[in-house]
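Engineer: Work out the full structure, taking the sequences as your base and the hints as a guide.
Taken in sequence, the protein lines are chains A and B. The first sequence runs contiguously to residue 199 in this note's numbering. The second sequence runs contiguously to residue 199 in this note's numbering.
Treat the hints as calculated values from the structure; they're not laboratory data. Bear in mind that the values here come from a model prediction, so they are computed numbers and not experimental data. Cβ coordinates follow ideal geometry from the N, Cα and C atoms, glycine included. Mixed in with the good hints, there may be bad ones.
[As the list claims (entries may be wrong)] Beyond 10 Å from chain B on every Cβ pair, some chain A residues (computed):
| id | residue |
| --- | --- |
| 1 | 128 |
| 2 | 134 |
| 3 | 153 |
| 4 | 167 |
| 5 | 170 |
| 6 | 186 |
| 7 | 189 |
| 8 | 191 |
| 9 | 195 |
| 10 | 198 |
[As the list claims (entries may be wrong)] Listed next, the in silico BS3-like pairs over lysine-lysine satisfying Cα-Cα at most 27 Å (straight line):
| id | chain 1 | residue 1 | chain 2 | residue 2 |
| --- | --- | --- | --- | --- |
| 11 | B | 171 | A | 158 |
| 12 | A | 122 | B | 144 |
| 13 | B | 182 | A | 158 |
Number of protein chains: 2
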Amino acid sequence: MKAKIYITYKEGILDPEGNTVKRALKSMGFETLDTVQFGKYIEMTFNGVTKEKAELLTDDACRKLLANHNTQSYTFEVTDE
Amino acid sequence: MKAKIYITYKEGILDPEGNTVKRALKSMGFETLDTVQFGKYIEMTFNGVTKEKAELLTDDACRKLLANHNTQSYTFEVTDE
Chain A
119 MKAKIYITYK EGILDPEGNT VKRALKSMGF ETLDTVQFGK YIEMTFNGVT KEKAELLTDD
179 ACRKLLANHN TQSYTFEVTD E
Chain B
119 MKAKIYITYK EGILDPEGNT VKRALKSMGF ETLDTVQFGK YIEMTFNGVT KEKAELLTDD
179 ACRKLLANHN TQSYTFEVTD E
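Structural biologist: Now the structure itself:
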């Protein structure tokens, strides 16, 4: 089972990397660019578990380690790749 | 237009963050965990452009700034959100 996890900053949290990249792209001529938000993309694979179990494990990993609940939110999808 | 960009390390490139997180989760009891790969997730929005133009701009931004071609590969999708 393969889990794809997307972690982003919550609304209102400063995103310095996104702001820096936005400024850089603007200065490079990307005039129609409006917003840039940086986050993390994590792929995890599990052996010998059902899709439901993989979803539970992924959610657990996000809550216990990967995401900072104060500043970040996460979504994920599990596929049987 | 909204672009969602996923940047990951190419096959064979050392992923220290992924390795560290894998070790941490294993020690926390995630025994069925097999692999962990870390990457970046970037959301960009554009004003007043077609989907085709937004795709060209996103690819351009990846090639010229966001991805390191030596070590990283990228994929993206553009939606009219």
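Engineer: If a hint holds in the structure, say so; if it doesn't, say that too.
Structural biologist: Against the structure, the hints:
no. : hint             : verdict
1   : 128              : 13 Å, holds
2   : 134              : 14 Å, holds
3   : 153              : 5 Å, violated
4   : 167              : 5 Å, violated
5   : 170              : 13 Å, holds
6   : 186              : 14 Å, holds
7   : 189              : 15 Å, holds
8   : 191              : 12 Å, holds
9   : 195              : 12 Å, holds
10  : 198              : 14 Å, holds
11  : 171(B) to 158(A) : 25 Å, holds
12  : 122(A) to 144(B) : 18 Å, holds
13  : 182(B) to 158(A) : 20 Å, holds
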